[in-house]
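Q: Construct the entire structure; sequences and hints are all you get.
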Amino acid sequence: MTYLENIGAYFLMVIEMFRKPTKWAVMKTLILKDIDDLIIGSIGIVAFISFFVGGVVTIQTALNITNPLIPQYLVGFATRQSVILEFAPTFISIIMAGKVGSFITSSIGSMRVTEQIDALEVMGINAINYLVFPKFIALMLYPFVISIAMFLGILGGLAACVYGGFTSMDDYIIGIQTDFIPFHIIYAFAKTVVFAFVLATVPSFYGYFMKGGALEVGKASTTSFVWTSVIIILLNYILTQLLLS
Amino acid sequence: MIVVENLEKSFGDVKILKGISTSFEKGKTNLIIGQSGSGKTVFLKCLLGLFTPDSGIISYDGKIYSELSDNEKRDLRADMGMVFQGGALFDSMTIEENVMFPLRMFTKQNKSEMQDRVNVVLKRVNLPDAHKKMPSEASGGMQKRVAIARAIVNNPKYLFCDEPNSGLDPKTAIVVDNLIQEITQEYGMITMINSHDMNSVMEIGEKIIFLRNGIKEWEGTSDDVFKTDNEALTDFVYSSNLFKKVRAAQLKENK
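As you go down the protein sequences, you meet chains U and A in turn.
At position 112 of the first sequence the residue is numbered 112 (the working numbering), and the sequence of numbers has no breaks.
At position 211 of the second sequence the residue is numbered 211 (the working numbering), and the sequence of numbers has no breaks.
It should be emphasised that the hints constitute simulated quantities derived from the structure, not laboratory data.
Ideal Cβ placement from N, Cα and C applies to all residues, glycine included.
One or more of the hints may lead you astray.
As the list claims (entries may be wrong) - Distance ranges between label pairs, derived from CB positions:
no. : chain 1 : residue 1 : chain 2 : residue 2 : range
1   : U       : Leu141    : A       : Gln115    : 27 to 35 angstroms
2   : U       : Leu141    : A       : Met93     : 19 to 27 angstroms
3   : A       : Arg104    : U       : Leu4      : 37 to 45 angstroms
A: If you want it as structure tokens, here you go:
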């Protein structure tokens with residue numbers, strides 16, 4: 001398929017996702033399973049990465065502030081801004097494109113290879129709604145994961161700052177409270193919701209429309225990761241331009 | 001009754017089905033045979049509605065598939081059961097959940113009613129104690145029988161089987177063949193089987209359609225296969241020395 005055909009097929013898949021809904025009793029189970037797989041299952045790695053990257057951001061900032069005229073609380077301020085505006089929503093989404101995206105593509109792709117999707121279609125089930133919609137709903141809880149990432153990123157920064165001896169806890173806390181703009185949180189969560197949609201649908205697209213065998217499932221997972229990341233980066237630029245400039 | 005008229009299907013410039021016409025009757029086991037690439041699977045997938053034919057008509061008990069609305073097509077598909085070549089069992093579900101799946105999707109039965117029905121069909125396919133196993137824990141023969149159980153659990157009118165014997169040992173293959181034939185008669189279904197297995201052709205083929213290069217080369221019963229003078233069919237059916245000897249003996253006996 002050419003790029004243009006792929007884009008068309010993607011949007012048709014998105015429309016199909018909302019048509020002919022699966023019975024609620026079945027859908028409920030699928031949504032809960034996907035919440036467990038995609039959201040709960042990601043909290044550990046997100047928490048680990050957020051805490052340590054928050055710490056690294058703080059150390060880098062502190063080490064680069066050499067001018068004695070710059071107040072020490074700037075370390076906390078810079079960490080908060082980096083974590084809330086970019087690190088948590090965007091950087092974590094790229095990591096999720098690898099973790100969750102590959103999982104979605106390979107699980108749907110394996111179902112395609114083993115004719116399980118054909119089996120659903122033969123039964124008269126809207127396979128796209130059955131497979132993709134629960135992932136989309138589950139990933140609507142993604143802002144919850146990002147809020148954990150924000151909290152742990154700032155906490156990691158605090159730990160690095162205090163235990164590394166870069167600045168005092170008081171200065172750091174003053175920093176994270178300085179010039180706080182509540183709209184930045186709205187901006188971050190607006191991005192997160194858009195990225196969640198991309199994380200649910202783009203890997204599903206590559207899994208659902210894949211052709212071939214086990215080797216192609218692996219290739220589809222890689223392609224899915226690349227394109228999900230590219231789309232997230234592009235949307236990040238567009239949304240930042242629209243919401244912050 | 002399923003009636004197929006002048007069915008054609010191409011992929012790009014390659015014409016796979018070239019005007020196939022035939023019909024399938026209730027309570028009969030119909031076998032579609034032919035070499036790899038002859039169009040058997042495409043034909044079956046057109047009947048299932050997984051592929052849209054380029055031209056031609058497929059009607060199910062008088063209802064022309066291409067003229068049905070989306071909801072009518074969905075209802076019709078609920079009357080179809082399919083046994084895929086690899087079983088196509090949902091690997092995240094137990095055997096019991098796999099068999100129960102069509103009931104959960106299409107009926108309003110409560111849990112105990114569904115459980116009863118699953119017990120009946122699993123017993124019918126000789127798997128009364130396999131409920132809690134995962135498909136990966138089942139042998140090839142068991143997986144095929146679970147696939148049959150899942151296909152018949154909702155009392156379908158039409159049963160489609162894509163090479164149900166592939167990968168099975170001869171003894172298990174006979175068990176699966178007999179099971180399909182018995183169920184077809186018991187449930188009064190129209191059963192269509194894609195097969196390469198000549199044993200199946202001779203044992204359970206009440207009607208046999210031989211496809212060659214996308215056209216219907218021959219149609220008849222298993223008895224007719226012995227008497228046919230169609231060279232392409234005899235070449236295909238009696239390609240092994242064993243079957244050649246069987247045929248020679250049969251013809252000698254008939255004289």
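Q: Take the C-beta atom of Arg104(A) and the C-beta atom of Leu4(U), compute their distance, and say whether it sits inside 37 to 45 angstroms.
A: The hint (37 to 45 angstroms, Cβ to Cβ) holds, given that Arg104(A) and Leu4(U) are roughly 39 angstroms apart.
Q: Given the hint of 19 to 27 angstroms, check if Leu141(U) and Met93(A) actually sit that far apart at their C-beta atoms.
A: 24 angstroms, holds
Q: Cβ-Cβ distance between Leu141(U) and Gln115(A): within 27 to 35 angstroms?
A: Since the Cβ atoms of Leu141(U) and Gln115(A) sit about 33 angstroms apart, the hinted range of 27 to 35 angstroms holds.
Hint violations for this structure: none, all hints satisfied.
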